[in-house]
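There are 2 protein chains.
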Amino acid sequence: MIGRLIEKIRETGAPIVVGLDPQMKFIPGMITGPAFSKYGETLEACGEAIFEFNRGIVDEVCDLIPAVKPQIAMYEQFGIPGLAAFRRTVDYCHEKGLIVIGDVKRGDIGSTSGSYASAHLGSVTVGNTTIEPFGEDFATVNPYLGSDGVKPFIDVCRSHGKGIFVLVKTSNPSSGEFQDRLIDGKPLYELVGEKVREWGEDACDESGWSEVGAVVGATYPEMGRTLRAIMPKNYILVPGYGAQGGTGKDLKPFFDGDGLGAIVNSSRGIIAAWQNEKYADCGEAGYAYAARRAVLEMKEDISGAVFG
Amino acid sequence: MIGRLIEKIRETGAPIVVGLDPQMKFIPGMITGPAFSKYGETLEACGEAIFEFNRGIVDEVCDLIPAVKPQIAMYEQFGIPGLAAFRRTVDYCHEKGLIVIGDVKRGDIGSTSGSYASAHLGSVTVGNTTIEPFGEDFATVNPYLGSDGVKPFIDVCRSHGKGIFVLVKTSNPSSGEFQDRLIDGKPLYELVGEKVREWGEDACDESGWSEVGAVVGATYPEMGRTLRAIMPKNYILVPGYGAQGGTGKDLKPFFDGDGLGAIVNSSRGIIAAWQNEKYADCGEAGYAYAARRAVLEMKEDISGAVFG
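Residue numbers (the numbering used here), protein chains in the order written: chain A, 1 to 308; chain B, 1 to 308.
It is worth saying that the hints were derived from the structure and are not from the lab.
It cannot be assumed that every hint is accurate.
Each pair may be met inside one copy or between any two copies, as identical chains are not told apart.
[What the hints assert, rightly or not] Listed below are the simulated DSBU-like cross-link pairs for lysine-lysine, each with C-alpha atoms no more than 30 Å apart in a straight line:
(1) K186 - K249
(2) K252 - K25
(3) K186 - K38
(4) K299 - K25
(5) K299 - K186
(6) K151 - K186
(7) K278 - K8
(8) K8 - K299
(9) K233 - K25
(10) K25 - K151
(11) K249 - K38
(12) K38 - K299
(13) K249 - K278
(14) K299 - K151
(15) K151 - K278
(16) K252 - K38
(17) K186 - K8
(18) K233 - K96
(19) K8 - K249
(20) K38 - K8
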């Protein structure tokens, strides 16, 4: 799957992933109105509004980007109907040719991680029928439980041609509390980075890159430089651009000399662009077009900084 | 909620939680048969079988124990219908007076953790309607992202009278890879334990115990002793008893002098007891009664070792 992602990054010239993390306050009344009329004040109405909102954005940006990253928490908060909207979003993005990174941050002891891996990247067999429960192409994974919490995901990546991104250094302000603490003179995130390299060694595809990547926040460019060197064959998914404070010039260290090696996520900055003064002329009806303009601007910012 | 849990532990005399982690291979044909007849080879059939299996066990053990702990991965692997079975299980356990610990191991950056907290412990507001998406009483939380990944859960605990158990030292073999590494001479799990104490300080209820507890595996009793001392007001949820290798005598260090401070989980050892030679006389039809006998035996084992 990493090879396919790289191919699509090359096609689009955009190492960009759009975070489909809808909040109700981002969704225009022209979408929520009909959903509430149809379903009342229910979780079903929220699920319907979220999916319609996503569909509008996906239609406008699918030719510009290789991948989307729905954050499952934003769907899970609306219970079963929210998760049904997540599943519909995955399917719709696939129809539109996009790669889907499920930002699920799952991780547990071995057999339980295996179940999460089946849920998001693999399949379950019911009698003689094989079913993909959620059907993402990549998933994010939490490393706190160590190798036996991560390896079941890698097994499913191998059997189903999928990939993962393991949390190494997250973009949030308190990520340093544990991740930056020194162990034998090295911060924990470097040890996790070394493990990512090790876990991913036997999972390289024809591109030469590993199906096991890492999450490293745009907010920590110096750490990105170190981790890029520690993990030469592991793609880095970079959150924290835009609303969280990361800028184009922070991104260069995450990429290798060929402009490969990283893919940068923006969520709110794209999907809620219509609420930004800069795109106010798009209006509510143009929320998806505002997202398109924000993607084009992000592409230019990144190209200038990384490849300029 | 921690006060209610302690009250129920006292009532039942059982610091025991039954892990409702159903696998299809644990479910007798008398349950799967009708589910597959009705729904075919679908995820709906799996969800129906899982719920019916759980219901039988809950009916047999609900007078013996204070709480259950469904592991959401076992439901998530069956997609939306699996998660609907999770929600039905939570509701049914509540009807039967049980406290429900959602073993969800969620954790993300601040605002996203807030969404997970609303999903599992809190509520969302849709127009003028307030809805509890999953409705558990406690949830397990992953600490890798630091304070701003955990605090949104604590905010919801305060506003909704709920609790959490933060992963400190997990029961699996590779948990030591990161958790045992020394930082300034102290293992990471101790630092996380200190943070659990700190996070929980302002969240004690009338029992004097904190709504913020910790997960520490039964497979590491010496670490349990240390962590019990580091976190004097934080309850410990202890997985790893039974099938994972922990025994009654390993448990004493997790409890304080009053026999409080810990609650021990067993999953497979209870819910799949009917497949154990020891309870073979229960037969398939007596799978739930076998679970009851296994709970009674576990209660005796723990009482003897901890209070004997």
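Right, here's what the structure says about each hint:
no. : hint        : verdict
1   : K186 - K249 : within (26 Å within a copy, 38 Å between copies)
2   : K252 - K25  : neither (33 Å within a copy, 50 Å between copies)
3   : K186 - K38  : neither (56 Å within a copy, 57 Å between copies)
4   : K299 - K25  : within (26 Å within a copy, 50 Å between copies)
5   : K299 - K186 : neither (34 Å within a copy, 45 Å between copies)
6   : K151 - K186 : both (24 Å within a copy, 27 Å between copies)
7   : K278 - K8   : within (29 Å within a copy, 57 Å between copies)
8   : K8 - K299   : within (14 Å within a copy, 57 Å between copies)
9   : K233 - K25  : neither (39 Å within a copy, 39 Å between copies)
10  : K25 - K151  : between (38 Å within a copy, 23 Å between copies)
11  : K249 - K38  : neither (46 Å within a copy, 58 Å between copies)
12  : K38 - K299  : neither (38 Å within a copy, 51 Å between copies)
13  : K249 - K278 : within (21 Å within a copy, 65 Å between copies)
14  : K299 - K151 : neither (34 Å within a copy, 34 Å between copies)
15  : K151 - K278 : neither (45 Å within a copy, 33 Å between copies)
16  : K252 - K38  : neither (47 Å within a copy, 57 Å between copies)
17  : K186 - K8   : neither (35 Å within a copy, 46 Å between copies)
18  : K233 - K96  : within (28 Å within a copy, 53 Å between copies)
19  : K8 - K249   : within (23 Å within a copy, 57 Å between copies)
20  : K38 - K8    : neither (38 Å within a copy, 43 Å between copies)
Hints 2, 3, 5, 9, 11, 12, 14, 15, 16, 17 and 20 from the list above are not met by this structure, while the remaining hints are.
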